[in-house]
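Kindly generate the complete structure, drawing on both the sequences and the hints.
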Amino acid sequence: MDTTLILGKMLWSDTTRLARPDWGVAVEGTRILAAAPNAELSSRFPDAHLVDATDCVITPSFVNAHHHTYGVLSHGIPLDDPPAGFWAFLEDFWWPRIEDRLTHELIAAATEWACLEMVRSGVTTFYDCLEAPHALPGALDVQAEVVRRSGLRGVLSFEATQRVGPENGELGLRENARFIDASREAGGLVSGMMCFHTTFTCSADFIQRAFEMAMERDARVHMHLSEGTYEPEYCLSRFGVRPALYYDQLGVLGPHVLASQCVQVDDDEIALLARRDVHISHQPVSNCEVGGGFAPVPEMLEAGLNVALGSDGYVNNMFEVMRSAALMPKARLLDPGIMPAATAWTMATQNGARALGFDELGTLTPGQSADLLLIGADLPTPTSAHNAGDQLLLWRNPHDLRGVMCAGEWLMEDGEVVGVDEEAVRARTAEAAARLWHS
1407 MDTTLILGKM
1417 LWSDTTRLAR
1427 PDWGVAVEGT
1437 RILAAAPNAE
1447 LSSRFPDAHL
1457 VDATDCVITP
1467 SFVNAHHHTY
1477 GVLSHGIPLD
1487 DPPAGFWAFL
1497 EDFWWPRIED
1507 RLTHELIAAA
1517 TEWACLEMVR
1527 SGVTTFYDCL
1537 EAPHALPGAL
1547 DVQAEVVRRS
1557 GLRGVLSFEA
1567 TQRVGPENGE
1577 LGLRENARFI
1587 DASREAGGLV
1597 SGMMCFHTTF
1607 TCSADFIQRA
1617 FEMAMERDAR
1627 VHMHLSEGTY
1637 EPEYCLSRFG
1647 VRPALYYDQL
1657 GVLGPHVLAS
1667 QCVQVDDDEI
1677 ALLARRDVHI
1687 SHQPVSNCEV
1697 GGGFAPVPEM
1707 LEAGLNVALG
1717 SDGYVNNMFE
1727 VMRSAALMPK
1737 ARLLDPGIMP
1747 AATAWTMATQ
1757 NGARALGFDE
1767 LGTLTPGQSA
1777 DLLLIGADLP
1787 TPTSAHNAGD
1797 QLLLWRNPHD
1807 LRGVMCAGEW
1817 LMEDGEVVGV
1827 DEEAVRARTA
1837 EAAARLWHS
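In my numbering, the protein residues as written are 1407 to 1845.
Relax, there's no trap hidden among the hints.
Here are the simulated distance ranges between beta carbons:
hint: 1; residue 1: ASN1793; residue 2: ALA1588; range: 42 to 48 Å
hint: 2; residue 1: PRO1488; residue 2: GLN1614; range: 34 to 40 Å
hint: 3; residue 1: ALA1840; residue 2: GLU1705; range: 40 to 46 Å
hint: 4; residue 1: THR1409; residue 2: TRP1843; range: 48 to 54 Å
hint: 5; residue 1: GLY1743; residue 2: SER1449; range: 38 to 44 Å
hint: 6; residue 1: ALA1709; residue 2: GLN1655; range: 17 to 23 Å
hint: 7; residue 1: ALA1588; residue 2: ALA1610; range: 26 to 32 Å
Think of the hints as simulated: they come from the structure by calculation, not from any bench.
By construction, the Cβ of each residue, glycine as well, lies at the ideal position given by its N, Cα and C atoms.
What follows is the structure in structure tokens.
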């Protein structure tokens, strides 16, 4: 098997530790074979294919732990009467104008652009939540075909909900179950997850059925949790408890759960989620868009929760998402020492991998999957082991990426996405958006 030697200016193989100057990695097949000083690698692997990245920092690639790939079609949509408040955002805009109008063709076009955007942003692994109630069945198959062509590692799910009706909700659950089974049989980089929407669009029986179907398949379950004030108010008025306690009373919380958003959770809920080892995905930018608030991420991390990062299909630039995750808590808590750069990087790499159940992702150590980034290190001030996290977090962007590798395959080389006609993809997305806006 051929070996590729990537020699870096610096290797940040584990974002919980310091970066190492003049280190690189050897890649064989889909895995990291070795991580060592450049001179040692060159001596050990004299016949390897050499990639000179001595002007780059080598890091693990990003994991986007919460995406709505169809969301791109909403960007810039004309609104005569912008929604006021979270419930209005859903009921008057997002559901009728976006999700209820999605077709297989629109889903394919949006997914194609989202995959291109993720490669350009350094994401090689993502979890996606598709809600398109009138595109059932088969919506996940359409999406999966596009993801497989992109070379990305995708965990796909359909956001089952009873808001359209009980029959449609059942179709959504069956879509997830069928896709989990089919993707496991097919193998490869695409897999499935069980998913339902929230407490205010799904009955208790429906929620428990979703978990039962997931447990039968040893699969994880995703739901949105307290994205704004609406859901806690709903649960308190309907059930007498806040959402996390309601789920716990249903007996469904555990390490198999990925809860996204978690913006309006209180201290007792944070402690409960931590006791149950629930995984959290944090979407700082989209939380601002919908007026949801600022998620108590430092408090969740302090409680021991595994908190990952996602774009939510809004601003799909993981550098921007990391910056927001690092900077917003400093302002909220009036503390510049909160959320160091390395913490945000860890949320975007190792924590995301854990949240999605990938033990082989998140670091660049021998035996791990060769999912990595080459980030240009041509900053105006020196980059060293002690400041690499801050330098990369604050002053690097997608245009600074020189290479993106997923499972040993280059998806970007020399700053160019491999094998993709970007203008053609852009044109197809624009056409799809126009059809959605005027349907």
